[in-house]
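**Student:** What follows is the residue order along each chain.
There are 2 protein chains.
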Amino acid sequence: MKEITSLQNATIKETKKLLKPKYREQTGDYLIEGEHLIQEALKEALNFEKIFVTEKFIANHETFELLKASTDVFLVSEQVMKSLSSLPTPQGIAGVLQQQEKPLQFPLEGPLLILDRVQDPGNVGTMIRTADAAGYAGVVLGEGCADIYSGKVQRSLQGSHFHLPVVQKKLETFLPFLKENGIQLLGTALDEEAKIYTEFTPEKNFALIMGNEGQGVAQQFLQLTDRNLYIPIHGQAESLNVAVAAGILMYGLKGKILQKY
Amino acid sequence: MKEITSLQNATIKETKKLLKPKYREQTGDYLIEGEHLIQEALKEALNFEKIFVTEKFIANHETFELLKASTDVFLVSEQVMKSLSSLPTPQGIAGVLQQQEKPLQFPLEGPLLILDRVQDPGNVGTMIRTADAAGYAGVVLGEGCADIYSGKVQRSLQGSHFHLPVVQKKLETFLPFLKENGIQLLGTALDEEAKIYTEFTPEKNFALIMGNEGQGVAQQFLQLTDRNLYIPIHGQAESLNVAVAAGILMYGLKGKILQKY
Chain A
1 MKEITSLQNA TIKETKKLLK PKYREQTGDY LIEGEHLIQE ALKEALNFEK IFVTEKFIAN
61 HETFELLKAS TDVFLVSEQV MKSLSSLPTP QGIAGVLQQQ EKPLQFPLEG PLLILDRVQD
121 PGNVGTMIRT ADAAGYAGVV LGEGCADIYS GKVQRSLQGS HFHLPVVQKK LETFLPFLKE
181 NGIQLLGTAL DEEAKIYTEF TPEKNFALIM GNEGQGVAQQ FLQLTDRNLY IPIHGQAESL
241 NVAVAAGILM YGLKGKILQK Y
Chain B
1 MKEITSLQNA TIKETKKLLK PKYREQTGDY LIEGEHLIQE ALKEALNFEK IFVTEKFIAN
61 HETFELLKAS TDVFLVSEQV MKSLSSLPTP QGIAGVLQQQ EKPLQFPLEG PLLILDRVQD
121 PGNVGTMIRT ADAAGYAGVV LGEGCADIYS GKVQRSLQGS HFHLPVVQKK LETFLPFLKE
181 NGIQLLGTAL DEEAKIYTEF TPEKNFALIM GNEGQGVAQQ FLQLTDRNLY IPIHGQAESL
241 NVAVAAGILM YGLKGKILQK Y
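Protein chains in written order, with the numbering used here: chain A, 1 to 261; chain B, 1 to 261.
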């Protein structure tokens with residue numbers, strides 16, 4: 001294991017750049033940190049380009065597996081670890097992975113979640129995690145969504161992008177493609193023809209579109225949907241957080257499918 | 001309208017302290033910022049102790065109502081506004097309010113949400129907002145929850161604490177009190193006797209307990225519940241975000257009640 005204690009080390013300077021979106025895009029790499037995420041990647045037998053650990057982490061953990069997971073494992077000082085972390089208190093382990101999209105498999109083996117310009121990293125990560133939990137076949141991110149390889153999205157994702165396909169598509173062409181392939185498109189909106197989600201049973205293969213935090217799903221996409229759904233507001237709140245709304249709809253619709261098919 | 005351009009101004013120095021929990025507790029005051037939250041407070045006819053606005057905000061908004069809402073309205077520079085804000089880009093308006101709990105009304109006019117040591121400010125705020133949307137009668141925070149008067153909770157709350165009672169209680173005594181008053185206590189857990197939430201119909205007056213992000217609901221409280229519920233995981237995610245889980249359960253149980261009663 002090589003040791004690095006200097007912030008000026010070339011490997012560290014290079015890796016630190018991955019905290020910035022531009023450099024992630026250029027290199028196709030990204031950083032994950034914390035024991036849980038690293039373990040999730042190891043379960044998938046992913047190869048790390050580099051792994052960084054602190055002495056304290058090694059002292060408290062079984063690290064045999066880590067040493068096999070990358071040819072480049074670096075022992076770094078607390079200060080160096082801090083420079084690689086997007087957290088106020090780094091967790092003592094970080095790794096560099098290649099960005100990899102699991103491809104969507106057709107015919108679909110479950111419903112899809114589609115995000116239209118969801119901007120908050122926590123919302124994007126949480127929605128993917130919920131899609132994973134609810135047994136969805138994949139998540140599609142249209143343009144203008146938060147970058148799933150950012151530290152914040154990775155933290156709320158909790159490794160779900162290792163479990164199910166999370167792919168980026170232009171919705172202008174991808175939604176018509178889904179329709180042509182017999183996938184029922186469900187929007188979320190409060191228009192006159194929208195239906196309360198509990199009073200609606202979807203077809204087995206459907207795609208649910210959730211929209212931007214302030215503006216909802218874009219009109220041009222709502223016009224393509226087979227049906228728009230909404231969640232009734234019983235109290236005085238004006239709306240629900242979009243990740244909560246997605247959870248209610250994903251589980252609600254999944255429940256209908258489990259009952260019927 | 002008085003004008004303040006100096007960061008050294010005594011009113012500003014005093015108000016800035018409200019960004020810290022300790023000072024909020026000492027004074028019983030708190031800061032809210034942004035047009036939406038201020039409007040929500042105005043709807044409730046709350047009296048602001050102080051209001052701070054920037055010239056830019058005044059130029060772009062109808063501010064007549066604001067001038068009535070407080071005897072102390074201050075025109076402040078962008079720099080001064082920034083010093084009062086917990087946001088990277090302040091929204092040009094902030095106000096000081098007294099912390100006020102709407103009391104819970106018995107008999108309850110709907111279900112309760114109870115939080116046991118939910119620590120993330122975004123989760124606490126989002127759960128209260130969802131309880132508001134789902135028509136719950138109130139939210140009870142046990143010890144160890146995030147401070148609802150912090151900037152982060154206020155942002156995710158979106159004014160819901162103006163709509164429904166959000167009260168702090170010691171759960172050790174409050175849960176037995178609810179039981180004695182015939183409120184059905186529902187926990188969330190994965191024990192052997194726990195039931196899938198979709199297969200359970202609650203009584204009309206129930207209280208749903210959601211727990212800490214990592215540890216769930218404390219054992220001592222789970223032992224007091226009439227029934228524990230869980231959300232099935234169909235995919236590979238280990239768990240759901242607690243605010244999403246709360247949304248699924250709150251709407252799921254509310255739906256059962258609407259069907260039955």
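In short, the hints are calculated from the structure, not lab data. On a predicted model such as this, the values are computed, not experimentally measured, just so you know. Hints are supplied without guarantee of correctness; some may be wrong.
What the hints assert, rightly or not - Partial chain B-side listing against chain A, Cβ under 8 Å, derived:
1. Ser85
2. Ser86
3. Thr126
4. Thr130
5. Arg155
6. Gln158
7. His163
8. Pro165
9. Val167
10. Leu222
11. Ala237
12. Ala243
13. Gly247
14. Ile257
Stated by the list, open to error - Listed below are the simulated DSS-like cross-link pairs for lysine-lysine, each with C-alpha atoms no more than 30 Å apart in a straight line:
15. B:Lys260 / A:Lys204
16. A:Lys82 / B:Lys82
17. A:Lys16 / B:Lys56
18. B:Lys152 / B:Lys56
19. A:Lys204 / B:Lys195
20. B:Lys68 / A:Lys22
21. A:Lys68 / A:Lys82
Where is the CB? At the ideal position from N, CA and C, for every residue including glycine.
**Student:** Look at each hint and say if it fits the structure.
**Tutor:** Hints versus structure:
no.: 1; hint: Ser85; result: violated (19 Å)
no.: 2; hint: Ser86; result: violated (15 Å)
no.: 3; hint: Thr126; result: holds (5 Å)
no.: 4; hint: Thr130; result: holds (5 Å)
no.: 5; hint: Arg155; result: violated (11 Å)
no.: 6; hint: Gln158; result: holds (7 Å)
no.: 7; hint: His163; result: holds (4 Å)
no.: 8; hint: Pro165; result: violated (12 Å)
no.: 9; hint: Val167; result: violated (16 Å)
no.: 10; hint: Leu222; result: violated (21 Å)
no.: 11; hint: Ala237; result: holds (4 Å)
no.: 12; hint: Ala243; result: holds (6 Å)
no.: 13; hint: Gly247; result: holds (4 Å)
no.: 14; hint: Ile257; result: violated (10 Å)
no.: 15; hint: B:Lys260 / A:Lys204; result: holds (28 Å)
no.: 16; hint: A:Lys82 / B:Lys82; result: holds (27 Å)
no.: 17; hint: A:Lys16 / B:Lys56; result: violated (38 Å)
no.: 18; hint: B:Lys152 / B:Lys56; result: holds (24 Å)
no.: 19; hint: A:Lys204 / B:Lys195; result: holds (26 Å)
no.: 20; hint: B:Lys68 / A:Lys22; result: violated (48 Å)
no.: 21; hint: A:Lys68 / A:Lys82; result: holds (24 Å)
Hint compliance for this structure: hints 1, 2, 5, 8, 9, 10, 14, 17 and 20 are broken, all remaining hints hold.
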